[in-house]
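S.K.: Protein chains in written order, with the numbering used here: chain A, 1 to 414; chain B, 1 to 414.
Hints are supplied without guarantee of correctness; some may be wrong.
Unchecked claim - The calculated label-pair distances, taken between Cβ atoms and stated as ranges, are:
(1) S2/B <-> S103/A: 54 to 60 Å
(2) C317/B <-> A227/A: 50 to 56 Å
(3) Q5/A <-> P301/B: 36 to 42 Å
(4) Q226/B <-> M1/A: 51 to 57 Å
(5) E81/A <-> E371/B: 51 to 57 Å
Hint data in this document are derived by calculation from the structure and do not stem from the laboratory. Bear in mind the structure is a predicted one, so any value in this text is a computation, not a measurement. We put the CB at the ideal spot given by N, CA and C, even for glycine.
2 protein chains.
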Amino acid sequence: MSMLQDAKDIISESITAVLPDVAVKRALARHKLSGLVYVVAIGKAAWKMAAAAHDALGDKIAAGVVITKYEHSQGPIPHMEILEAGHPVPDENGLTATKKALSLVENLTEKDHVLFLVSGGGSALFESPLTGITLLDIADITKKLLACGASIVEINTIRKHLSNVKGGRFAMHCAPAHVLSIVLSDVLGDSLDSIASGPAYPDRSTSQDALLLLEKYGIDLPPHMQAALKLETPKTLSNVSFEITGNVTALCQAAMSASKKRGYSPIMLTTTLDSEARDAGAFLAAIAREIKSSSQPATPPCALILGGETVVHLKGCGKGGRNQELALAAAKGIDGLSDVVIFSVGSDGTDGPTDAAGGIVTGSFAGQCREAGLSLDQHLQDNNSYPVLKTLGGLIVTGPTGTNVNDLTVLMCR
Amino acid sequence: MSMLQDAKDIISESITAVLPDVAVKRALARHKLSGLVYVVAIGKAAWKMAAAAHDALGDKIAAGVVITKYEHSQGPIPHMEILEAGHPVPDENGLTATKKALSLVENLTEKDHVLFLVSGGGSALFESPLTGITLLDIADITKKLLACGASIVEINTIRKHLSNVKGGRFAMHCAPAHVLSIVLSDVLGDSLDSIASGPAYPDRSTSQDALLLLEKYGIDLPPHMQAALKLETPKTLSNVSFEITGNVTALCQAAMSASKKRGYSPIMLTTTLDSEARDAGAFLAAIAREIKSSSQPATPPCALILGGETVVHLKGCGKGGRNQELALAAAKGIDGLSDVVIFSVGSDGTDGPTDAAGGIVTGSFAGQCREAGLSLDQHLQDNNSYPVLKTLGGLIVTGPTGTNVNDLTVLMCR
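Given the sequences, and given the hints that come with them, work out the whole structure.
M.R.: Right under this line is the structure:
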């Protein structure tokens with residue numbers, strides 16, 4: 001099997017492993033849910049996650065509420081009510097839908113399970129302000145805080161204390177039923193109290209924190225909002241458990257398994273790559289040269305796995321994306337090496353404003369550039385990775401994949 | 001022992017291991033030279049290397065010729081003639097000195113050894129043109145080739161064929177005596193036929209290559225030079241062996257030993273790092289985060305070792321160097337991590353136009369910046385790493401070390 005074919009298989013297996021439905025089924029396989037299951041699914045991938053839960057659990061599901069963005073549902077799912085609402089700006093449909101979810105979980109017993117399926121966009125779609133507070137109140141205080149230069153963490157501290165579902169309060173409504181959260185995370189670092197503002201996770205921020213912020217920024221609130229801020233969010237929750245899945249770590253772990261299966265000893269270098277794209281490529285190429293010359297840090301056949309999201313500081317006006325640029329820069333650094341492949345690919349199937357998901361190069365790519373009269377340096381300088389990769393067959397094209405958990409970068413040596 | 005103390009010890013042990021005298025003694029310890037030894041030492045470190053050989057071999061040395069740059073010798077060495085000559089432009093003193101070296105090695109027997117000590121600058125200092133050719137002839141053709149845009153490899157192809165010592169010809173003069181070359185290399189990649197134009201290494205370029213270059217660039221040479229170019233350089237040599245030492249690989253290997261001795265499992269990532277300094281720092285920080293969160297790619301305590309030479313594309317007008325900038329960028333990426341140290345240091349003891357050799361940071365460095373009211377981002381943007389490192393005790397200062405084998409960068413986790 002050629003290394004390029006191996007690479008394609010690794011890409012396809014890795015992305016498949018983090019698709020919402022695959023991720024939900026894999027997570028459910030690890031948790032035995034006895035008794036009746038009530039599903040609440042929120043976020044842009046809510047429909048897919050709920051459908052996968054139905055596939056996996058069937059009639060164990062008593063009922064469910066699915067809250068997703070407009071035009072993001074794909075038809076009926078047995079036992080579930082599918083609702084669409086506003087994102088990124090919350091709207092009345094979101095409030096109504098969230099109230100339906102709250103009714104669903106009130107009055108459950110300790111034998112029941114709430115399966116809480118969370119994906120990106122959940123914070124806007126899943127909202128029910130405390131009694132007396134309106135969406136307008138929340139929009140208003142948010143605007144004031146932004147104007148004062150408050151951080152997103154500070155803004156969320158206030159918002160959580162004004163909400164009847166955020167900051168762990170949703171899990172309180174579910175009690176005594178147990179809540180299993182399955183979280184599809186596109187946030188580097190995976191802080192559970194920040195994803196969707198943590199409806200089923202103990203809140204780290206306190207009522208006092210919220211009140212001090214008003215003081216800090218000199219913001220005067222009407223009495224009904226001041227009163228709301230004085231109510232504490234839960235600091236411990238005994239009825240919750242979590243499964244973070246379909247995130248960049250899962251993407252990298254899938255790449256490790258897929259590499260191993262094809263005979264490449266896998267090494268995970270990082271899941272939080274965030275440097276300039278071209279320099280990540282140069283760095284990886286420097287490791288490739290060492291592997292080929294001294295079998296360090298790994299003996300071929302091997303695969304070094306990286307996840308994260310690099311950045312590109314545009315200087316030219318060419319066509320490309322961060323993954324394509326990383327690959328092109330790497331091509332320069334592995335010029336002439338045999339049995340080396342480096343690829344980088346966006347898990348959502350898109351890289352920059354192009355129809356490609358990323359780029360893939362070998363040690364002979366730079367030579368092919370020279371033969372074709374294409375200057376690798378010039379294309380790099382112009383942020384113009386797409387045309388040269390396209391001409392020499394170095395584009396990775398997957399089409400939209402239905403997931404978005406950052407990028408996967410792999411160095412393969414044989 | 002604190003990690004910072006460990007780091008300082010690792011830096012000092014690593015640089016000591018690549019000092020010319022230490023490197024020569026270590027190399028000699030691996031080779032048993034029976035019979036009489038004739039020393040020919042060339043290059044800027046020739047005196048130090050020859051003195052080290054005398055320390056190691058004593059009266060086994062029958063005689064020696066040391067050819068170094070003006071003001072680079074430091075007194076007499078028993079049995080050796082110390083000669084100084086022109087560098088980087090060769091001069092008559094270089095020719096005379098080289099002829100003395102040639103006389104020394106003529107008429108040796110197969111029981112004798114020539115110990116050939118090579119360091120940077122050897123190409124200019126060690127030259128003896130073929131009969132009939134003058135230094136002026138060589139300067140003239142070099143100028144013409146440069147004007148035509150010829151590459152340094154092409155220029156050396158011509159020069160080797162005009163020389164009586166380059167391109168392996170020195171080793172021919174030594175035969176039947178055996179030649180052990182000990183090469184102190186400051187060239188990334190260590191190509192033996194290019195270091196000092198390879199006096200004791202089989203030449204890869206042919207007489208035909210040289211003649212074709214004249215055609216390619218349309219250069220007309222006088223008959224005596226044409227005739228010289230038609231003489232072939234040796235393509236195989238049966239009387240030579242090599243020891244490359246005091247190079248960046250030796251620097252990294254010493255860092256590995258020093259780390260291991262202090263309880264950090266060492267991993268060599270690369271000896272040819274060449275990316276943008278700040279992004280190498282960011283990349284390394286991303287690996288640090290992974291090690292601390294998932295014990296991948298290595299379980300602490302561990303040390304990841306990198307050698308090479310990063311680059312800085314200046315945007316600001318601050319004070320710093322590539323090693324200091326790498327360290328400062330890394331500080332940002334390891335913000336808040338405990339038991340993490342990243343340092344980067346130039347083996348010659350200087351980094352950019354500063355009195356520091358490099359920078360060293362921990363996970364608390366970024367917090368110390370905030371407390372001191374210093375903006376890490378702003379200093380990075382201004383290429384102004386020196387002042388902030390100096391203020392917070394993050395400079396590495398060694399003074400001139402007497403060697404130059406690129407930079408050493410290490411990530412330590414405990």
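S.K.: Run through the hints listed earlier and report the numbers of any the structure violates, in increasing order.
M.R.: No numbers; nothing is violated.
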